[in-house]
Amino acid sequence: MNRKVASLFERVGARAYFLRDIGRGIKDPKTYGVETVRQMRNIGVDSLPLAMIVAAFIGAVTAFQTRYQLFGGVQLSVVGLISRQSIILELGPLLTGLVLTGRVGARITAELGTMRVTEQIDALETLAYDPVAYLIVPRLIAALIMVPVLTIFANAVGVGTAFLTAVVATDVSAAAFSEGLRLAFTPFQIVYSIIKATIFGGAIAFFCSYEGFTTTAGAEGVGRSTAQAVVITSVAILVLNALTALLLAPYLQA
Amino acid sequence: MKKRDDVLVGIVMAMALIIAIVGSLWLARGGLSKGYALYAKFPWSAGLKQGQPVLLGGVNVGYVDEVQLRQDGTVLTTFRVGKSHKVPLGTVATVIPNGIFGDMAIALTPAGPNSRSIPANDTVPVGESPPGIAQITSKADSIATSVNALTTAFKDELVDDGGVADLRRTLATSNQLMANMNRLASQFSVIAAEQNRQLTATQASFRRATSGIDSAKIDSTLQNMRQASANLAVLSADFRQTSARLDSIVSKMNDGTGTVGMALNDPGAYNDLRGVIQRMDSLLADVKRDPRRYINLRVF
Chain A
47 MNRKVASLFE
57 RVGARAYFLR
67 DIGRGIKDPK
77 TYGVETVRQM
87 RNIGVDSLPL
97 AMIVAAFIGA
107 VTAFQTRYQL
117 FGGVQLSVVG
127 LISRQSIILE
137 LGPLLTGLVL
147 TGRVGARITA
157 ELGTMRVTEQ
167 IDALETLAYD
177 PVAYLIVPRL
187 IAALIMVPVL
197 TIFANAVGVG
207 TAFLTAVVAT
217 DVSAAAFSEG
227 LRLAFTPFQI
237 VYSIIKATIF
247 GGAIAFFCSY
257 EGFTTTAGAE
267 GVGRSTAQAV
277 VITSVAILVL
287 NALTALLLAP
297 YLQA
Chain B
9 MKKRDDVLVG
19 IVMAMALIIA
29 IVGSLWLARG
39 GLSKGYALYA
49 KFPWSAGLKQ
59 GQPVLLGGVN
69 VGYVDEVQLR
79 QDGTVLTTFR
89 VGKSHKVPLG
99 TVATVIPNGI
109 FGDMAIALTP
119 AGPNSRSIPA
129 NDTVPVGESP
139 PGIAQITSKA
149 DSIATSVNAL
159 TTAFKDELVD
169 DGGVADLRRT
179 LATSNQLMAN
189 MNRLASQFSV
199 IAAEQNRQLT
209 ATQASFRRAT
219 SGIDSAKIDS
229 TLQNMRQASA
239 NLAVLSADFR
249 QTSARLDSIV
259 SKMNDGTGTV
269 GMALNDPGAY
279 NDLRGVIQRM
289 DSLLADVKRD
299 PRRYINLRVF
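Chains A and B are the protein sequences, given in the same order.
Sequence positions in the first sequence follow this note's numbering and run 47 to 300.
Sequence positions in the second sequence follow this note's numbering and run 9 to 308.
In short, the hints are calculated from the structure, not lab data.
Do not rely on the hints blindly, as some may be mistaken.
[As the list claims (entries may be wrong)] Taking lysine-lysine and the DSSO-like style, the derived pairs with C-alpha atoms no more than 30 Å apart in a straight line are:
no.	chain 1	residue 1	chain 2	residue 2
1	B	Lys163	B	Lys147
2	A	Lys73	B	Lys57
3	B	Lys11	B	Lys49
4	B	Lys11	A	Lys76
5	B	Lys147	B	Lys49
6	B	Lys57	B	Lys94
Note that the structure is predicted; figures quoted are calculated from it, not measured.
Go ahead and model the full structure; you've got the sequences and the hints to work with.
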């Protein structure tokens, strides 16, 4: 039992050291500046179609389900309200984060893991490059910036498809849906969504980079690290989502 | 390749920024235009929040922009109305429930058509708001309390004090009474049937009696009655003539015309008669006093 607890703290400590190394690496923009833009393209621009497709279907299903869960007598503008709140506050950032965990996080882990097992990272150290500054910091910055960007697109597409689905496939009128969309809206709801997405982006980059950076045992180790990174990051995103809601939800009320 | 990455990332980020800003503005204001501000002071219990709709004659024309709590028991509400909508003078603002989830909206109710409108940044007078969910719930609660008191009183009266037993006894007595009444009704129906039978027999007898009457005799009787009636009419006319004549005589007597009238109305005749009577009296007195003066009876 004590060994398990000690192992847990050891893992936490190792990640804390890794975070410290990232902090050190951020002080050297010349090393990661160029690479950051490339990672923004990989993490953000290339993931845009996937994030939008997921958001489109989620928005459509949310509006459709909301409409048919309402009991008689409830005004139909509620469909707009619930769809907006569900997509902007929860589904947009959360599903974008989880989808990017699979697409971007796994890629980061696999890339870094392969570099580790093929001793490319060791070569960088030999060339007096800080591998954290060169490999991890650009990915972290790119994720911190681009996941919120993707979430904004996802929110817009999700709300748009929710509107279209509600108006075309159900008896909700465009005016009623728009009225619900605007009801009790505060700009902080968008900020809340962006805050969540930023946290999720940081979690994806951090946990996946760490797992890739610390990969051992060859190709098998790369596969294991990748799987472990996806699991850890997914759980971390869900936990962070709950914590963010606990901390910030009271400020959401209009 | 590097430059292309920069452009792509820049485009995506710029688009995200535009979507976030424009989307927020559209959701918060109902459009990109902010509209003009109007103010209203509602009581604390109004339940208004930022973003709630503003309805003019039932049409959504704006949104609640800001709600400021004041220490005088009111909330100063800033709401924005689209520039294309004018709020007529005489309009009152009320807070109305919007749906069944306790959400509220500001309803602007114009007194009537008015070419003049409330200018921007002016305060709209507040009208009497309909009762909200909380007030209805409170009222329902007080009704429930009353019903509870009523049911408790019923329980005390009917259960604890034996009211139910009394009620059962009353019902049993009522049942007995109803049974007696049923019996009485059946007896009445027997009597009525008997009366009906006898009445039928009487009608039959009457019908027989009427069929036995000689119609010729009835005709004759009726003819005699008609004759008698005609005679009576003639008699009546004679009486009327006689009465008219009598009226004429009496009027003549009253007028003093004719012999009788003059005799009745002339005071001279009366005085003459009095004089005659007096002289007759004095004559009689004189006769009594000295009869021999007038009666000279000689036998021999």
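Verification of the hints:
1. The hinted pair formed by Lys163 (chain B) and Lys147 (chain B) meets the criterion: a straight-line CA distance of about 24 Å does not exceed 30 Å.
2. Restraint check for Lys73 (chain A) and Lys57 (chain B): not satisfied, since their Cα atoms lie roughly 45 Å apart, outside the 30 Å limit.
3. Restraint check for Lys11 (chain B) and Lys49 (chain B): the C-alpha separation of about 57 Å exceeds 30 Å, so the hint is violated.
4. Restraint check: the Cα-Cα separation between Lys11 (chain B) and Lys76 (chain A) comes to about 17 Å, which is no more than 30 Å; the hinted pair holds.
5. Simply put, Lys147 (chain B) and Lys49 (chain B) have alpha-carbon atoms about 25 Å apart, close enough for the 30 Å limit, and the pair holds.
6. Using a Cα cut-off of 30 Å, the hinted pair Lys57 (chain B) and Lys94 (chain B) holds, with the two alpha carbons roughly 23 Å apart.
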